[in-house]
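2 protein chains.
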Amino acid sequence: MPELRKDPVIGRWVIISTERAKKPSDFKVVREEWKASSCAFCEGHESETPPEIYAVRSEGTVPNTPGWDVRVVPNKYPALRIEGELSREGVGMCAMMNGIGAHEVIIETPEHGKDLVDLPEDHIAQVIRAYRQRIVDLRGDKRFKYVLVFKNQGQNAGASLQHAHSQLIATPITPKRVKEELVGAKEHYDHQHSCIFCDYIEQETKVFGERLVAETAHFVALSPFAARFPFEMWILPQRHSADFTYIQDDEVVDLAKMLKLVLGKLRVALDDPPFNYLLHTAPFRRPRAGYWATIEEDYHWHIELMPRLTSVAGFERGSGFYINPTPPEVAAQILRETEV
Amino acid sequence: MPELRKDPVIGRWVIISTERAKKPSDFKVVREEWKASSCAFCEGHESETPPEIYAVRSEGTVPNTPGWDVRVVPNKYPALRIEGELSREGVGMCAMMNGIGAHEVIIETPEHGKDLVDLPEDHIAQVIRAYRQRIVDLRGDKRFKYVLVFKNQGQNAGASLQHAHSQLIATPITPKRVKEELVGAKEHYDHQHSCIFCDYIEQETKVFGERLVAETAHFVALSPFAARFPFEMWILPQRHSADFTYIQDDEVVDLAKMLKLVLGKLRVALDDPPFNYLLHTAPFRRPRAGYWATIEEDYHWHIELMPRLTSVAGFERGSGFYINPTPPEVAAQILRETEV
Chain X
1 MPELRKDPVI GRWVIISTER AKKPSDFKVV REEWKASSCA FCEGHESETP
51 PEIYAVRSEG TVPNTPGWDV RVVPNKYPAL RIEGELSREG VGMCAMMNGI
101 GAHEVIIETP EHGKDLVDLP EDHIAQVIRA YRQRIVDLRG DKRFKYVLVF
151 KNQGQNAGAS LQHAHSQLIA TPITPKRVKE ELVGAKEHYD HQHSCIFCDY
201 IEQETKVFGE RLVAETAHFV ALSPFAARFP FEMWILPQRH SADFTYIQDD
251 EVVDLAKMLK LVLGKLRVAL DDPPFNYLLH TAPFRRPRAG YWATIEEDYH
301 WHIELMPRLT SVAGFERGSG FYINPTPPEV AAQILRETEV
Chain A
1 MPELRKDPVI GRWVIISTER AKKPSDFKVV REEWKASSCA FCEGHESETP
51 PEIYAVRSEG TVPNTPGWDV RVVPNKYPAL RIEGELSREG VGMCAMMNGI
101 GAHEVIIETP EHGKDLVDLP EDHIAQVIRA YRQRIVDLRG DKRFKYVLVF
151 KNQGQNAGAS LQHAHSQLIA TPITPKRVKE ELVGAKEHYD HQHSCIFCDY
201 IEQETKVFGE RLVAETAHFV ALSPFAARFP FEMWILPQRH SADFTYIQDD
251 EVVDLAKMLK LVLGKLRVAL DDPPFNYLLH TAPFRRPRAG YWATIEEDYH
301 WHIELMPRLT SVAGFERGSG FYINPTPPEV AAQILRETEV
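Protein chains in written order, with the working numbering: chain X, 1 to 340; chain A, 1 to 340.
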């Protein structure tokens with residue numbers, strides 16, 4: 001019998017197919033070949049991107065020249081524009097704003113052909129520090145409410161370039177998905193006086209364990225109870241923290257270790273699948289009156305990692321109701337047992 | 001400057017790229033070749049499907065034999081199971097139900113290789129009547145709260161068989177997306193004492209017109225103000241009605257005409273793209289106390305039609321915030337001007 005499972009945070013229902021659970025070999029991973037040439041993100045091609053905003057560089061090197069490990073530049077084809085005042089307008093009964101925002105690319109390595117998982121842990125830590133630095137900087141811009149950091153790897157996951165990179169989009173509104181989490185977390189806190197994510201981590205590590213993928217000193221990786229996608233994973237800090245930018249440096253190093261571990265497991269278990277990951281952290285400004293008072297207490301930042309093994313069809317699009325052919329317990333066991 | 005637009009019903013924000021708006025020729029439609037052979041949905045192969053639940057048949061023909069125009073059968077690989085009592089269970093802090101539901105296939109024609117748009121209007125009307133008949137029948141099952149009718153055409157839209165078919169899934173909960181519409185419609189009604197969809201149709205047909213695609217005697221097809229996808233369209237009845245099953249027969253005939261028209265326009269304008277459509281109608285049971293009293297007044301059934309021209313990447317998945325490269329005004333103009 002399949003199961004209907006409800007995400008405890010946002011209340012989204014998922015159909016979990018428990019019979020004939022799909023194993024890694026059942027998925028036909030769609031992968032297109034990249035042209036194996038250098039690109040604007042490669043070392044020596046710095047002039048082909050807009051000028052850099054941030055970089056981890058060897059001492060004595062000059063911005064927009066070689067000598068960097070991680071480099072952040074504006075997206076050449078941004079979804080939103082950084083220049084201008086934010087303006088709002090009604091169009092009949094509909095609301096509109098001009099598309100003010102920031103859209104940046106975090107180039108994770110100067111070397112073409114290396115993926116994030118191929119980098120040493122201390123290099124991945126530099127990528128994580130770049131995420132933090134850019135969010136802190138953009139938070140100073142009063143026009144923005146949120147920065148979403150995300151990574152698309154593989155064409156089937158929406159990447160348009162092979163060279164390893166993440167992106168961020170700063171928006172003048174808090175994304176709906178994050179708002180839903182804030183609302184769910186607040187409701188739980190109002191009832192229980194505890195963080196729903198902390199309670200969830202406690203349950204998954206101490207009570208059940210079957211959906212756990214990995215634990216490090218400061219982080220836990222698990223396949224969520226109501227996983228939308230096969231082999232979906234969440235990485236959560238064990239220490240309660242609403243805001244990713246308050247991450248401590250030993251936690252950065254440990255998160256790098258965790259990312260390398262779970263991305264390595266994904267690569268081995270699923271033959272290097274395309275994937276997306278996203279960082280969900282607290283928004284900059286209070287979403288509603290009286291709410292901010294507790295957001296530090298009730299919310300918990302985390303990373304959601306979603307391999308692209310299935311396509312989202314009409315039913316999912318129209319219902320917001322996902323069908324996941326691999327129970328998270330099966331996925332977690334396979335990932336736990338995958339040696340990297 | 002791009003625009004941020006808010007859907008007036010559910011409050012979902014969309015980034016509309018207004019510069020370099022993508023035209024039909026800018027989309028690389030992914031289309032895999034189907035094996036051009038007959039299949040279990042073909043006339044003469046009736047024994048290869050589970051026994052039929054409903055069919056439009058020539059007089060004197062016997063169920064599960066040739067002689068039908070439209071045929072409804074249980075899905076051989078259902079996402080949910082029809083047999084059993086609905087049971088609920090808590091798993092720690094998480095909620096679960098057993099996967100009770102119905103999953104049926106509406107085979108639209110006995111002829112392999114014909115798409116819905118290729119059928120005569122009176123045949124399409126029979127398909128629409130099959131949708132209605134199945135919803136009415138399943139409504140009698142007290143375990144279900146909702147029936148979602150949808151169609152995936154093309155492998156890239158999630159279809160696993162070429163033979164023209166729609167599907168329906170009956171669920172013991174009302175899908176999240178529909179609930180969001182019900183909440184938005186109720187809020188509007190509480191303030192305005194009018195149906196938000198009726199007001200929206202009025203605005204789009206009488207005030208603006210630039211997002212209008214087609215009008216028939218009883219229906220309007222438009223590209224929504226905050227369209228998530230390029231060339232997305234909604235088909236709405238001009239007469240206020242919350243519940244699709246109350247459609248009148250002259251409206252069925254007119255809806256068939258409208259479907260053939262807009263699907264024909266899509267095929268011509270976008271080189272026969274893969275697409276999904278979904279029917280959003282009122283749920284069977286009241287979603288919350290006191291709510292049902294007005295659902296007939298505040299909700300408005302409709303069809304959402306989404307060509308598959310772009311893939312949903314990490315940002316969309318993580319934020320619930322879509323990026324649409326084709327403004328709906330551009331899409332609507334192209335579709336309006338497309339002759340079929």
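Since the hints were made in silico from the structure, they are not lab data.
Watch out, some of these pointers could steer you wrong.
Stated by the list, open to error - Stretches of chain X that chain A covers, calculated by requiring three or more beta carbons in the stretch to come under 8 Å of a beta carbon on chain A:
#: 1; segment: 62-71
#: 2; segment: 127-139
#: 3; segment: 143-153
#: 4; segment: 234-248
Claimed, not checked - Some chain A residues near chain X, calculated using beta-carbon distances under 10 Å:
#: 5; residue: Glu-3
#: 6; residue: Pro-172
#: 7; residue: Ala-217
#: 8; residue: Phe-225
Predicted model, so just to flag it, every value in this text is computed and none were measured.
Here a beta-carbon is modelled for each residue, glycine too, at the ideal position from N, C-alpha and C.
**OP:** Check each numbered hint from earlier against the structure, then list the numbers of those it violates in ascending order.
**Re:** 1, 2, 4 and 7
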